[in-house]
Structures are given as C-alpha cells and as structure tokens.
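> So the chains spell out like this:
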Amino acid sequence: MIPSAFDFYAPRTLDEAIALLAEHGDEAKVLAGGQSLIPAMRFRLAAPAVLVDINGIGGLDGLRETNGHLAIGALTREAALEEYTFIRERYPLLADAAHVIADPLVRNRATVGGNLAHADPANDHPAVMLAYGAELAAHGPRGARTIPIDDFFTGMFSTSLEPDELLTEIRIPRPGPGSGGAYLKVERKVGDYAISAVAVQLTMDGPTIRTIRIALTNVSPTPIRAEEAERILTGQTLTDATLEAAGQAAAAACDPSADLRGSIEYKRDLTRVLVKRAVRRAAERATK
Amino acid sequence: MSDQLDPLRALDEAGERHLPDRVERHTPKPAGSSAIVETSHEVRVTTPATVCGMGHRMKRKEDPRFIQGRGTYVDDVKLPGMLYMDIVRSPYAHARITKIDASEALKVPGVLAVITGEDLKQAGNLHWMPTLMSDTQMVLPIEKVVYYAQEVCVVVATDRYAAADGVEKVVVEYDPLPVVVDPFEALKDETIVRDDKELKTNHIWHWEAGDREATEHVFRSAAKVVKQYMHIPRIHVASIETCGMVADFNKATGKLKIWMTSQAPHAHRTVFALVSGIPEHKIQIISPDIGGGFGGKVPVYPGYVCCVVASIVTGRPVKWIEDRSENLQADSFARDYHITAEMAADADGRITGLRVRTLADNGAADAAANPSKFPAGLYSICTGSYDMRAAHIAVDGVYTNKPPGGVAYRCSFRVTEAVHMIERMTDIMAHELGEDPAAFRLKNFIRPEQFPYRSPTGWEYDSGNYHAALKLAMEMIGYEELRREQAEKRTRGELMGIGISSFTEVVGAGPSRDYDILGIKMFDSAEIRIHPTGKAIARFGTKSQGQGHETTYAQIIAEELGIPAEHVEVEEGDTDTAPYGLGTYASRSTPTAGAAAAVAARKIRAKARTIAAYLLEVSEDDLEWSVDRWQVKGSPEQHKTIQDIAFAAYTNHPPGVEAGLEATDYYDPPNLTFPFGSYICVVDIDTGTGEVKIRRFVAVDDCGNIINPLVVEGQIHGGLTMGLAPALFEEIVYDENGQNLTGTFMDYLLPTAVETPKWEIGKTITPSPHHPIGAKGVGESPTVGAPPAIANAVVDALWHLGVRHIDIPITPQKVWKLLRDHGITE
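Chains as they are written, first to last, in the working numbering: chain A, 1 to 288; chain B, 1 to 826.
Pulled out of the complex, with its shape left as it was, chain B reads as follows (with noise of 0.2 Å):
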C-alpha cells in the first residue's frame, strides 16, 4: 500500500501541536492471580432441576412479564399533572445563534414554557455538563451549535401534541459556519470546532501504548511487513427503546425522582448531585425495564438534564421520549476508528509485531463512555489472540462537527475496532504468505501453557484456549472440504469466501488500581437478603436491559446456597434500595456483580454454619455443606437445610451471633476476564449484482463457566445479528455539511430476520480462574467477533482478483464496484 492511500501521515504533521500534558500512557498493571486451566466441551451443572443453580437452562424469569406486555419502560411512567418536553434542534451542523424567539411558541395552547442555554446558565451554569471523559459538553447553547440535531432549547407542554407544534413555533436564527466533517481535515484546525476551549485546536489526546522501540526493532528485522488504511464507520446501538425520562421535583420535599433509561443509574445520580448541587440523598433514579441499552444509555444526554430543570422550573413531573430520528441523529455514536495498521512477520511465517496508528472521530466532545485513564478504551487488546514480540499503539482523538461520543457500543470500550483491525491484518498477512489463513492462526496462536499469558501491551490473559476453540469451529463447518469447493468454483468463475475470526475480548472492568469512571472505582456489588421462610431478595448495583439478571444471579445465588432460583428475587436499578454499582455495560455484569452474589451468598453460607451448628448443637468444623444444606461429616441424615436455617436465623438464632441472614458484597475483581472465540463464515458473492449472500456462519464460544446456556444462546444469537449488522448494512452517513443522511430507519439499515443467517453454535469451556464461579462474560462476544469473520469471508472470495480489503459496511454497491474493477461483469 502506497503511503497516498495511508491517511494516517496526517497525524505526523499534527504531532507537532501536540502538547504533552496531552499525551496520555497507561498500562495495565499485571493481576498475578490466574492459573492455568482445563478447557471442558461439558457445561458443569452441580444442583439438582429443583435447585435450579449453574448450567441449568432456566427459561428467564423475566420474560413472562415482557411477553404479555406487563414490563413497565419510563414511557409507561405516567403521573398526575404530567407535563411533556420536547426540543428544538439544529438544522445546521455548524453556525452561530444569534436569536431564538420563542414569542409565538408559547401562543400554541398548552404550551407553558421554553426553556434555552441562557435560561440554563441563569440557573447555576447547567448549560455546560461534563462527560464521562472529563470533557465538556453544551447541553444547550448559547452562542453556537456543534452538530446537526444539537438541542437547540425544549418547550413545555400539558400534552404531546402541544410540545411538537410548540417546538415548529420556535424561531431560531443561525448564521453558518464552515463545517469539519472530516477528522483528517479537522486535524489542520483550519477550523476550530471548540472554540470555547482555551487551546484552539482539533485536537483532543494523543495515548500510546506497547514498547514503540522494540516494535520498531521488530519491524527492522522483519521478513514480511504487510499494511493496511482500514475506517470502522460510524455506527449506531439503535436499541427498540429510545431515550427518556420522566423527573418529578417535589418542592414540598426538596426530593428530585426520576425514571430514566440508564444503564448505570447509581453514577448517575453522583453525576446529577455533583452538577446540579441537589443532595444526592435527595435524589432518587429509578431504571425501569430497559429495551436495550448497548452502550448507548450510558451517557447522560443534555435532553435528561433539560428535562429535569424543566420540573424544578415548573414544579410538576415533566417526560421525556425521544423519537427514533432523534435517537439515531443526536444520541452517542460508536466506533469511528480510522485505523492504519502493520503486521510484521519472519521467515517463517511467525506474526513477531503489530504497530498501528489511530485517529479516533469523537464528534463535537470526548463523550465517549470509557474508564478515566483510557481515552480509546481497552484498544490496546489489538495483538489478540496471537503471541507476538511487540507492539506499539497510538491512538489521536479529534473533534469534528459531529454528535459527542462514543460509546461502546455492546463492546468492552474499543475492543469491536481492535478485533477487526487485527484479524483483518491476520488473514492479509496468511494470504500474502500463501498460508491457508486456518493453519497461520493456528501456527501464530497464544499456547495454552502459555496462560496466563502476558501480551506486549501489558494485558495479562487470564486463561485461553484458541486452539481448541478454531478447531472445534472447523470441524462443525468442515473446512476442508470447503476449500476444495472453493477452489473448483473458481475454475468456474463462481466466487465464494471463508472468512476466520479468532478473537480475544478484554470484559469485567474492572480492578480498582485502574478502572474508575469519574474517579468512581468500577467494582461492583450485591446484596442478598434471606427471608425467614428461605426465599431471598437479591438486590445489585448493574442493571439488565435484556441480558436477563433477573434469571442468571439468581442461579448463582441458587448455586452457592441451595435456595432454588425461582425462589430468589432479583432487583436492580433503584438507586434509593439497590447497592451503589458502576451499572451494566462492556459485558461487566457477571464478572462483577455475579461475582459478588457468588462471595455475597458465601458469607451467608459462612453465617448459615454457625447457625446450624448450633442448631445440631455439633462443632462447625464437623459439618461439610452439600448443594442446600450444611450436614454432618460422614452422617449426612443430621443435616440443616438452607431454609431450615433461615427460619432460625429470625426465630432462634444463636446467643451472640446477630439475627438475620444477610450479606453484602462489593467484588472488586483482580484481573479482567478474556473470553474468546473462532468464528467461520461461508459467502456468496452474485458477480451480476454484487450482492454477498451468508450461506453458513459457525461460532464457537468460550465464555468460562456458564451460568445459563440458555440465556447465554441467546446472547451469541442477538450479538452475532448485532456483528453482522455493521458489517453489511450499517453506517451513519453524513453529507459535507454534516447532515446526518441516515436518521431513520429506511436508510440506517438494521437487519431483519430475512437477512440474518442460521446461526451454527458450538462451545468450548476455559473457566476464569480468578472468578469466584469460573464466568468470564458473553454478551459482547459475538458483536465483536462477527464483523473480521464476515469482512475476511469476502476478501478471501476476492483476493485471487487482486482485493486486499474493503471497508465495513460491505455494500452490494462496494462488491460490484470492485468486481467490475477487475474485470468480473456478468
């Protein structure tokens, strides 16, 4: 690849604006707690169907509510004297404000009141708000707007209908401004997309990582160097639920309460104290169920903090719902990575160094939802699943006249973009060797003796086995006899591809040394509480928006005390009840928070033998527990079952030993967890049409231990249509003047069930081993993986035509252009 095509060299002449207070390094610290482990095919199931704990496929005990329409989302919220906000927004991506007259707006009936930047700043400076990046963002301007979509001012309605007709009344004058749509083009600051910052210039971070002098000694030496330019678009989570809220501000009481959908409603109340200046004991956030969150309801929007000032200003409850197009126009974005990366191998076809440079697209503000210390997220994960020698990573943000962000979009922060990059780079380096891209992986992979392994960026994996997980994956789709079709096709002039992914996720943030948001420390917590008659509430500070906690911590709870599952109620999402948690996101969920219901229940475990000793009036020591019950050593028939010692613990509980049976745990894990994966995708390509057919698409997991296969099918089910998705539909577009092209959905293009594939799904099983129950996190997985696997499926049917890489969305337009490139017409 000439350095023309390499965008990158840009960043070279930016370096010189960089400042180092800008610059940013951090590397993870080792956890020196993993071990090496067997790889099982066997879920391991321990309890009885009664007890329903770990490996059993329990049908969620959550559906029956969401199947018949009784789940309660914040639009089902509806309290007396309810008002509506709705909100202007920018038709510009670009320009000055220099008049909002809201005059014949509040002549529509019904309407109370507009609110705008300036009403905002009079209230205490809430125009501005800080992100989870320590960034700024408006949350309604005063002077200019930044992206096309931005709210521009809300208006305050008694009804729906009267807000949308008060919103068309508002006349806003803009003068425009010169719009950067392009991150390359923002790098020059020939146009200054924060002026209201002190230094003027695009230029967000500059964050490295890995060892730059020995990679570049590795690339000196070696035999083979292949490079790739390669942009991750634009895309966006498009969960069924939009955004909203309803805030209801009691005067009376001084308590602001709130129903929002958030995926971390605990840091989100801080968030709202610190700003705001509301005691935060007088805030209550209340998550409700959730219809998808994937990241994108992990930001706060300005809208939220619109709609809360909107019910202190009016003294009555206000809601919030934003509609699909403003969902898809304004809220947080994912990806947008424009990535130039290099594969340096030696002579015997060993993968010895990656080095890659990144410009990472954050729209208007660093609004991306990452740990502190990690402005481009867990990316530094990039040398996968392969041992190399050296790595270097360099990562630039940059602001353009974009919507704020981005989240990790059903992605452990960057690792979606880190995944593609470097199993793109793996089959283009197998190819450019001659290798079947199977036997390189296979040949290239971390050995399982090598776990825990140690990777040049400084990860420690804590426990891996790629090549079982490839193998097993090959065997389901046999990929012989694949290779040998593939072959006599094209003899024929008849085009398919076999496309390999074998990823390596990075989840579970994470340890306190390094993980904070906002400088809170991302453990997380649980709180189970037996009641006398052995049933149990388990409260936790994560919260599902469709990952099915309700069902999976309570088989954990069930596993480690016997308490059946279905007798274990699960709550989550209340800050005034629930234990304060960092919320659920980047597959975080049972690495942390499972794992404190596992050491949570353990406690209890612990309490429940000093009560059942003293009821079998033995010697704690003399008793062993098994699945519900702690019995005596070598005479089982003297036993006190769980429920048994619950009763006691209310009604005859020890002398010196307190009442009750409860405990709470907040698990601050010492390591990540590093689930993996091979998939293999079989295409089709239509010489005629361009159009890529999936005919096949094998994923192998390993998730560690499984706590539900059931719930974790479905999981890989739903995140392989959500990798499939930007790998040949999604992207959102924008013109040259930052018009957002695809703000519905007949143009931003999520698959259907006619486009998606069968799934074929086989697993393998590498517990944690430093996970209280052996779990590592899945959710995340298959969106991940999916994309290279498609990507390299069509490049392979290509390559013999001289086609090296395509960009993501793989479009029909895109395949025909190449082929007839190359002279493949029909």
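Same shape as in the complex, but just chain A (with noise of 0.2 Å):
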C-alpha cells in the first residue's frame, strides 16, 4: 500500500488550481478530502503524476441560504452537514444522508463535491442532489458555469466536468412549504458502500404528491433516478398499492451487478422496498 512517485502542488487560489489542471491535463488529478483518491492510490490503481490539492483555496467551503437555494461550497467537509440545525429542519434528505455517509471518520476529512466530482454510483451524493434537482457551479479557463445534475453525470467514474474544470459550488433549490424528504440506505457495516440507498425528496398537496424526484445509489452503473416511479407516483395519495408500483417500477428500473453485497434479485427486492420506505417518510415530513 505505498503510492507510485507524484509531484505534488497546493495552489493557493483557484485560478492557480486551474491553471495547473489545464497544465497537467489528464496526468494530474484533484486532491480534496481524499477519501476514494488516496486509497486507489496507495493500491496502485490509480498513480497520478500530479497531485493538486485544493484544500489550501480559501472561500471554497461553507453553506449558506440565498437566493432561493442552498450553496454548498464543493471543499464543504461532510461532517459539516452534520452540525446545522436548518438541514435538520428543511433539508431531512440532506440530513439523512449526512449520517451515513462512510463513518464519522471519513465524514471529517471527505467533501461534498469530492463526493459528487468523484461520480462512484456507490458514492451517497449523487442520488441524493439527483432527488434535489441540484444544480452545479463550476469553473475552468474559459470561466464559470452551471450544470444541472440530471446532465451531470456521464458513466461510471465519469462527469460532464472537463478536465481542467472544477466543481465549485453545489446549489440545491429551496424546498417549499409542504416538502419534505428521505434517504435510506442499507449497508452491510458502517461505511461500507450502500447495497441499496433511495432518496425522495417531494412536496405534497394536501394527501396528493404534486412532485416527487427519486434517485437510486449503487444499483446501475451511474447514480440514475426512478423516473417510472416518480410518474407513477405523481398525483396520487399514498396507498399500499401506489406505493408498490412504484417501488416494482423502481426495483425494475435499476441494473445492479451481483457482489459480495448481494445477488441482483436482493438489490432490486430492497430498492423496492426502500423505495416504499422513503416515499412514505418524506411525505410524513412533508404533511408534519
């Protein structure tokens, strides 16, 4: 577990930071929290020849409200996510996934957008902004620009971001009144990758969903969301029968591999079945 030879630089501002990625190309590779780069590294599955670590550019971390929605500075640790008493209160489906994340120990040093840059299905991030509607800042040479998460990501491993870009900002919209939202998640230990994970974030119209987003971690190659679901889903009150149809679409729709986590019958059969789980909840929290 010793790492191949790299050159290693800490660019002070983000220009710097680009001007080194534009520089290096695909020979060099960001180094935020760490948490998936320097292990495949030290495996020797992946052996940058340069390193460029971000953490030391200020003004890229922190959560605010404005504008209608909630920043998220991409360096943002995810232990953050923990400490706010507004993501309890207006965003449970961000909250829920905050706890977890990996374990405590990893929250501590892994960062929201190295969460979603990094594009891992298996990674907590992507299904969750997928359910929000996130949209992306990002910038490179040729300046800044938004991206939105349904057009985010590319293939395992892989995202619309150039090379010499970089993420910078996660936005998620404002939830409404009559929102609300939930993640579930089952893993066979504490920080272990999910073998299934749901996130629904909806709003409600008295006992009726008017909009419900759903989005599915570690059951397809690239973090999808459950779109037959959602339409299944939309305009309806929550029955035990409205309920399982779009937890059989859900189940339906993912395309999981069989693992050590589980055969592909038990990844589906569990999607389903969170799939119920989570609908059920966000709406609970979206009527309270």
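Honestly, the hints are just simulated from the structure, not real lab data. One thing to keep in mind: the hints can contain errors.
[Stated by the list, open to error] Among the chain A residues that face chain B by a calculated CB cut under 8 Å, a handful are:
no., residue
1, Met-1
2, Asp-103
3, Val-186
4, Arg-188
5, Lys-189
6, Val-190
7, Ile-195
8, Ser-263
9, Tyr-266
10, Leu-270
11, Val-273
For glycine and all other residues, C-beta sits at the position ideal for the given N, C-alpha and C.
Taking the hints as your guide, dock the two standalone chains into a single complex.
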C-alpha cells in the first residue's frame, strides 16, 4: 500500500489550480478530501503523475442559504452537514444522508464536492442531489458555468466536467411549503457502500403528491433516477397499491451487479422496499 | 435432512484412500486432581487496596504508555543503516513459475537485492520450512505457487518506497494450473495441491475421538435423531497490528537479533535455530508491544524467514512490515470446518449421543497451531455442557489452494467450531422436540455434583455449575417475559428470536504428558526477583498482546507476597532474559504462567519465612503468614514484612542460607481448566430488508477465581465483539479461481461500535480445583460462546416458518432469501 511517486502542488487560488489542471491535463488529479483518491493510489489502482491539492484555496467551503437555494461549497466537509439545525429542519434528505456517508472519521475529511465529482454510483450525494434537482457550479479556464445535476453523470466515474474544470459549488433549490425528503440506506456495516439506497424529495398538496423525484444509489453503473416510479406517484395519494407499484417500477429501473453485498434479485427487492419506506417517510415529513 | 445435502458423505469415498499411518487417535488422560467446588457470585478479595492483590479492579499498568502513544511496536524499531523488504506475491492460486526476472527491479534506485526461492535453496535449503504441525510449507517457491498472494520473491531496498517500486518491476511468468478451492473437490484428488509429497493426495490426516461402537449403539436405540450440515467459515484474526520483523544479523559477533510480532518468542527462537543452523544462544528474539495476536502471531510466516535471510545476506538490519491486504490475504486463517453432526435423544428428551464428521480445510499446508498430538485441536470437547452416554468424532484434514493454516483465533484450538456445532445441535433438538431451549438445556446439563466430570471423549472437566450460569442469564434478561413477547409479536407477523449458548471451554494447554508443540512441552514459566528495597521484577515465558499481563501477573504476586502490585515490574518477550515458555494463545497464560507466578511466589515466601525466623529469633514453625508479612503466632506485633525480609536477604541473610530472594517455576498443569458460561441474545428481524438487529445480549461468564474484574470485563467485551463478527459479518471469500475477494477492510467486515450491541455481563465464580489460585482463563470464552447465541436467536425467529439452520455469517441477503423463500415479504 505504497503509492507511486507523484508531483504535488498546493495552489492558493482557484485560478492557480485551474492553470495547473490545464497544464497537466489527464496526468493530474484533484486532491480534496482524498477519501477515495488516496486509497486508490495506495493500491496503485490510480497513479496520477500530479496531485493538485485544493485544500488551501479559500472560499470553497461553507454553507449558506441564498437566492432561493442552499449553496454548499465544494470543499465543505461531510461532517459540516451534520452540524446545522436548519439542515435537519429544512433539508431532511440531506440530513439523512449526512449521517450515513461512510463513517465519522471519513466524514471529517471527505468533501461534498469530491463525493459528487468522483461520480462513483456507490457514493451517496449523487442520488441525493439528483432527488433535489441540484445545480452544480464549475470553474475552468473559460470561466464559470452551471451544470444541471441531471446532465452531470455521464458514466461510471465520469462526469461532464472538463479535465481543467473544478467543481466549486452545489446549489440545492430551497424546498417550498409541503416539501419533505428522506434517504434510506442499507449497508452491511457502517462505512460500507450501500447494498441499495434511495433518495426521495417530494412536495405534497394535502394528501396528494404534487412533485416527486426519486434517485437510487449503487444499483446501476451510474446514479439514476427512478422516473417511472416518480410518474406513478405524481398526482396520487399514498396507498399501499401505488407505493408497491412505484417500488416495483424502481426495482425494474435498476441495473445492479451481483457482488458480496448481494445478488441482483436482492438488490432489486431491497430497492423496492426502500422506495416504499422512503416515500412514506418523506410524505410524513412533508405533512408534519 | 436428506443425504444429498450432506457433503460430508464424500469422506466415505475418500476413506478408502486413507492410509493407516495417517490415522491418529489421541484421548487425553485423566487428571485425577479435581474435586467438587462451590459456586459463588462474589469476587474474592483478601488484600487491602494498597497491596492490590487478586480481585481488585486495578487500572492496567500498561495503559498509560499505550494511551500516550509511547508503546514500542516492531514498526517503531529503527536501526542505523536499516533496509526495507517488500514481497512479490502471486496473482494465481495455483500456477507453475516459468521465469522470475529481477533485472528491471534491480535498476530501481535504492533496490539492493531480490531474493528468490532458488537463492534460499542455495543458502542451505531454506526454501522450505516446517510448520508447527510437522508439515512443510514453502518459504519461497521454485516450481509452483499454491495459493493466491503467496510470497514469490522479496525485494530489499534502502527505503520503503523503493522496495515497493522494485516489487512492481519484478517480472514473474506463470503457467496457470487447475485450482482446487472446494475441500470436497480436493478430496477427489483430481488436482494435487502438494505434488512435492510422496503421496499424491490432498488428504492430510484422519483423526478420531470417542467410542464409535458405543455411539452407534446409542443412535440405534434413540427415540429422536437430528442431523445438520454446517460450515464454520474461514475467517481472519485481523489484529490491528499486522505482522512484521526487524532482523539484525551482526557479522562481527555472529548474533542475530530479531524484533518480531510473536506470541511465542521462545518457541520461535528454537524453530529458527533448528531450521537455520544458527546456534540458539546466538539468536535473540524480542517480542515488543504487540497490537493484538489472537493466534495469528503464533505461526512462522515466510516473510519472517526472508527478512532474516535478507539481513544475513546484506549484513544490515532489515525491516519488513506487512500491509493490511497482505495480512488478510496471505497470513493464516481460522476455522473453515465443514461439519455434519447428528444428535440422539431418548424418549424423555435427554441427549444420549453425538456423532460428528468433519472436513478441515487446511489450505496449502497443515500450518495449524495445535498441540502436536491434536491435529483437530481440542475439537473433541464438542459434547459441550451436556451429559450424554456416547460420542464419536471423526475429522479429516485436506489441502486446497488457499493460504495455509489454521490458527486458533481467540479460541483454544478448534473449540469455537466445537461449541458452535453442539450449541446449534442442542437448539435444533430442543425445537424438534417442542421443548423450550432453556428448559431443554437445564434438563441436559452436566449436574454440579457430577464434577469432576469425565466426558465421552475423554476429557475430565475440572469444575462447573452450568445451571447457575444459565439461570442467572435468564433472570438478567427476563427470559419468560421475552418468550411471551415473542409469541404475541408472531401473531402480528413480527419476527423476534431468542438464542442461548451454554458453552464449555477448555483452556490452559497443557499437561506435559499430552501437550507439546514440536516436541516442546506446554509448560510455562515465571521468574521472580525481589530487589533489596522490596520491589520486584517478574519475567514470564508468555507474551501479552493486549491481555494485560503486566497488571494481572503483578496482582498474583501481590496476592501471594504482599508486595504492592504497582511495585512489581512484569517483563515478557525477550528470549535473552525471560525464562523459556510456550507463549500466549489459547487462554493459557493464567492457567500456566499465572500458576507459575503463584508457585514461584510461594517458593519466595518459604525462603522469606526462614529469613524472618532468623531475624525474629523464633522457629519457623512459630510463624504464620498474613497478607505481606510473617508474624509470630499469637503475637502479630512481632513480625517482619516482605520488605524487611527482602532487605535482609541482601544485607543480613542467615548463615547457611543463600543471599538474595528470587525463585523460578516451570509450571506443568495437572489438567486443563474448563471455563463456561451462558449467553442469551435477542434479535429483531426486518422482514423487508433481511437485516438482523441485536436488541439485547446478556453474557454470564464463569472463569473461576478472578484476578482483576476490570481486565476480565474488558476481555469479555472484546471477545463478545469478536464473536459477533463471524456471526453476522466476517468471512474470507474466494472465487472459483482461488482469488481472495475480501482482501481489504472494505469487504472483510469488522464490526464497529455502531454494529456492536450493548453487552450486559454477569458472572458466577466456580474456581478451578487444581489451579494454584483457582483461576481458569477467560480471553476466549466470549469469542467461542457468542456466535451460536446469535445464530440460535435468528433461527429461533424463523423456526416456525420452517427454517432449521443458517450458516454464519448471517448476512441480510441470507435472511432476505429465507424470508422470501418462506413467503414473507413487505
């Protein structure tokens, strides 16, 4: 578990970092929390020639509610999400996820931006942000741009970020009245990737679901939305039958692979159960 | 259960190939030194807190340095000019080596040498080494590799990074061979793992215990017979500290000084001397602070041998520290027993007999760490806590393309496997008979008045009171109320289960007539030296790896001599200074070296009496011992404290008596000790996800007299967690090519504080009648006892659906499958 040799840069500004990425291209990797990259390097599964450590760049972390959204700096540590009362009160989906990402030690170092930019379908934030319909801010040599989360994940471990672009901020639309969310995850032990996990964000109109987004963790090569399940539930009241239909639609939407966590059948069925439970919990929170 | 579901039937066919010289039988001889003892609930305390003898909750003396990061582990040893070694490992589980090309590796800056099997052969046939079970094992291969991640060659470099870069540059070409992963396939001898052997078979040995005919007779007349196949999966000790060594061969003095992660430094020194030809007095092994052993640091691994050779070859100190994956993938495993057990009962629901066939998957060598005469360890303890008429146990060892082993992982030589089997079978029988598992156990326990109890497989249990322990556990957990709750929940479709394990352990190997490792008898030793000012140093042949010896041994000496425990320095692990001993594993330290400490202290007390009589000018017969002094009978103001006496031993010793005050004892125990306990576990099952939640876990342990309740409770907490681990999480998994799929902690799942329930512990105290201080050993009881309590609880929750058994680890997926197969869903 000894990494190959690499050059190490610790830029102090965003522009310096982007210049380094532009200079080194595919040879470079961005070091944020390092909770995925460093293990990969120690196993020599990744051997970047250059590490660009962005931890010294000011202004990339922190949370603030502004302009109708929650802005999360890309360098915000996962542990920070657990600290704020307003997150628990207004963003229960995010609060749920914050407690089950890896383990507390990892959460002290890992960053929200890294969790997304790594684009591992087993990571938790991709499904959370898909369910929120978040927007991502990126900076590159050509300036800043925003990317809708639905356009972000292009494949396993790949995103629509250019090699010389840095993810800088995640923007979650501020949930309106009647909103609720939930994240449910089954893992073999704390710190393990999900066998399956389900993120739900919805708004209720009395007993009726007005809008709903459902996204799934680690049951497909990329993070996915369960769109058919969303369609089944939209405009419906919560009955056992609609929930079951939605759960089954989500199970059909996933494309899991068998591994030590479980068989394909188990992962699909678990997704069905978790979708039903997560929708119910999100609706309970919305109407509370 | 149908015979199609009994893979052990394959042994019948394999049996035709068994050769008589590989059939072993050994039955322990009766001890004849036991007696009926009383059970109590109070820890015995006879010394004041200032002395801190037995029974005091003394904080561990070793902890300040560990808490402050001031311990010294092997990786903390840094010597001038030290080199680093790294290992090239096989990507195949079975393959011929056609070429090893080190030329590119040698070009890496800092790489000094690459050592291959051929080099070891040239150096005096060091490419093979003996295992502790008198089998052989490759140090480095020349012809073929026989397991995934096997050591192929080593790279020595000036720093750790260069060594790793060198490893990547070594080119090894392989010609893959068919791989045999499944031990039942191995029995067919279609692929021979060890073609270096004269006999072209994967079958290693056949071993039996008990009385076959008597057992057949009991089964013929049984009113009820239950049968179950089960696998106790391959697991790993996964200690926090991996294995490692610093070897420093000094060419000028000819002395080889070794720092090594060793649970048995003396035995390892002897093995090194015999294998290498270096005279034993020129080898010094220091086992410094050890970050957990659990049996995994008993074997000699190829890396150690290579590290020594690297130092001899380069003339410089060489450090080798395994990384986590190497430790998980290549070091010795534990368990991996395939068992078909049958239990017989009479019409009154009394257990009458047990018949067990077992296949032991030893991997590519029988590198188990058992006493020589016990190829299946102490597995024949498997009649457990139950009084039955007859039992017969047959075990076959087999080679497969997996790492060699297996070690006694926090388990006194295969007792975990034995206890899991008997406790599962007892539950199955109780359920089949429609009896409550607790009532069934109470009916079938060996009764207190039957001790010393002679078991059908020849063990003599020293003392026990199984009824008291189970009744206490039932009272603590509220057993009857839980059964009512379970019945009520079942009507609503909610699944909860209650599982019991009433285990009997066998520890403290062992009496020299039966127990040896490579011929060295399994005594252990203590040497106590009292300084003139009344302080003491005590050295032992054992080696703590976290057990707290520096505290508990000091308390034993404090108990016997009245020297405050804080004034007793305990040292272990340096073969140049400590008395010879077999080391620490199998819960043997207190039963052997702890006894030696008491006996050596009593020798000192006897000499102290002579000195006291001289000082007080009275006859020795007029003196009596009280806590820390010899006093004149009837006149206690006339006394000499142990401190007075120690000073006199160096300043004013009696004429005709040697100066000084010290003693050594090599303690050869008359029998093993038999700790026991009853555990009760309550689980709730999520019918949607298959997750098992442990709601409560009560553990009542009886380890005889308690030296330090704090240390015992810590041992039990740790041991229970290590019992939880294989019950729900841990398993080493191989694919069909013999690749290890669980080579990191991402997939080899250790429970954390999150998964671990709150342990509720209780105790009964039934002293060992033959041990000098009545103690029994406790480190392994909870590891041994916990898994079947958990497994029994899960099966108990599902029994009414038709579930009879689930192999551990009981994962959410397994439970989900059973639920769906039985029509339960959400």
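> Run every hint past the structure and note whether it holds.
Now for the hints, and whether the structure bears them out:
For Met-1/A, the interface hint holds, the least distance from its beta-carbon to any beta-carbon of chain B being 4 Å, beneath 8 Å. The criterion of a C-beta within 8 Å of any C-beta in chain B is met by Asp-103/A, whose closest approach is roughly 7 Å, and the hint holds. At its closest, the beta carbon of Val-186/A sits 5 Å from a beta carbon of chain B; the interface hint therefore holds under the 8 Å criterion. Against a cut-off of 8 Å between C-beta atoms, the interface hint on Arg-188/A holds, since the closest Cβ of chain B lies about 6 Å away.
Interface hint at Lys-189/A: satisfied, since its Cβ lies 5 Å from the closest Cβ of chain B, which is below the 8 Å cut-off. A distance limit of 8 Å between C-beta atoms decides the matter here; for Val-190/A the minimum to chain B is near 4 Å, and the interface restraint holds. The interface hint given for Ile-195/A is met, as the beta carbon of that residue sits about 7 Å from the closest beta carbon of chain B, less than 8 Å. Proximity of Ser-263/A to chain B holds as hinted, the smallest CB-CB distance being about 7 Å (cut-off 8 Å).
Because the beta carbon of Tyr-266/A sits about 5 Å from the nearest beta carbon in chain B, less than 8 Å, this interface hint is met. For the restraint placing Leu-270/A at the interface with chain B, the shortest Cβ-Cβ distance is roughly 6 Å, inside the 8 Å limit, so the hint holds. The beta carbon of Val-273/A comes within 4 Å of a beta carbon in chain B, closer than 8 Å, and the hint placing it at the interface holds.
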